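*Asks:* The chain contents come next:
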Amino acid sequence: MSHHRHAPDRFDEPEAERSRFDQSILNRLSERVGAPDLTRPIMARLGYMHVSPAVARRRRIGRWTGRAGTLLAAVMALAVGAEIYRHSPMARRAADTTLPAAIGRDLQRHHNHVGTVIQTIRMLAPSPRQAAPEPSTEPDSPPPVDEDVNRSIAAAMRWV
Amino acid sequence: MYNEMAMMPKSSEHALIRKARRGDGAAIEGLIRAHQEALYAFLLRMSGRPETAEDIVQEAFVRVLKNLDRFDSRFRFSTWLFTIAKRLYVNSIQKRRPAYDSETVGALEGGHDSPGLDAAQSETIANVRRIVDFALKHLGPQQREIILLFHQQNWPITEIALYLDMPEGTVKSHLHRARRRMKVAIQSSGKMNRHAQEAWS
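Protein chains in written order, with our numbering: chain A, 1 to 160; chain B, 1 to 201.
Everything labelled a hint here was simulated from the structure, so no lab data went into it.
All the pointers check out, no bait thrown in.
A few chain B residues that face chain A, going by a derived Cβ cut-off under 7 Å, partial list only: (1) G25; (2) E37; (3) V57; (4) V62; (5) V128.
Label-pair distances were calculated between CB atoms; the ranges are: (6) L71(A) - Q142(B): 53 to 63 Å; (7) I61(A) - A126(B): 54 to 64 Å; (8) R21(B) - P53(A): 18 to 28 Å; (9) R22(B) - V75(A): 30 to 40 Å; (10) H138(B) - P36(A): 25 to 35 Å; (11) D37(A) - T170(B): 30 to 40 Å; (12) P167(B) - T70(A): 58 to 68 Å.
Derived list of chain B stretches under chain A, where covered just means 3 residues or more per stretch with a C-beta under 8 Å from a C-beta of chain A: (13) 42 to 54; (14) 129 to 137; (15) 142 to 152.
Treat the numbers as computed from the prediction; the structure is a model and nothing was measured.
We put the beta carbon where it would ideally sit given N, CA and C, even for glycine.
Start from the sequences and build out the full structure, keeping to the hints where you can.
*Replies:* Next up, the structure:
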């Protein structure tokens, strides 16, 4: 049987109030009851379980093996996937050309463009033949005759 | 006595809680072992049903330990645990009316008699247990709770006031009235009064 345990500062009830009733009846309440040990079911519900060291070691090995297996399977799946993709028509292939080749191609394109521009300018510019027609090299040939002779002569003179 | 954890310095208790938060199984087990018996005894007296007490103890620990990150270190772990357990108990009695089984409660207490006691002493102890059961049945839930927290769990008035969210004066008043009520109940029952006189003599 336990005795009155309360320190005076815990409950400032007058001493006279503390009767035999308190001491012999109420202090009975603090007696231990036959409480079941609920540690294991609570720990189990929280995901903890008591196992022997051998079982724990076996499970640890199993866990690591499982992790390694999963990792290996993932790596293999990735490798197979990458290989399938590489051979599929959907694969985006990198151009064979490298940077120097690309620059060379660009230069070539520029060169062609410049060539086209030069050609165009040549075509547009008046040619020397058009600017001053060369005199005929044939001495006996008649002078060129205008189609409308009336226009090229003075109005007072007319061929009749 | 059920105040073993109360004797543990608050810093040690908090260190244990910090470890338990990190998933340390030994720390979690330590917390359960330190509080389960007190909580079970409290709930057994409150409900009068061992199976109810057992279920609520389990559920309360699971909830508390799963939510350790919500624990406010200004309070004691036991205060928080008992608050959760009380809520669960209130929910359980809303589902079904409790039937206080004093025979079972008495039988559970009887398992801890000292082996050296003679028949007369054992009889006296058994009678006192009957008186306690009888008197507790005459209290309302709140008065019973206060009596149990003070006399069974050995909680100080300040902690009971904090737990019940009421002024300390009100707790003392409830405690005083509950004790008087228990006395009157015992004295008004001829049989119990006789047992009580025997116990006091």
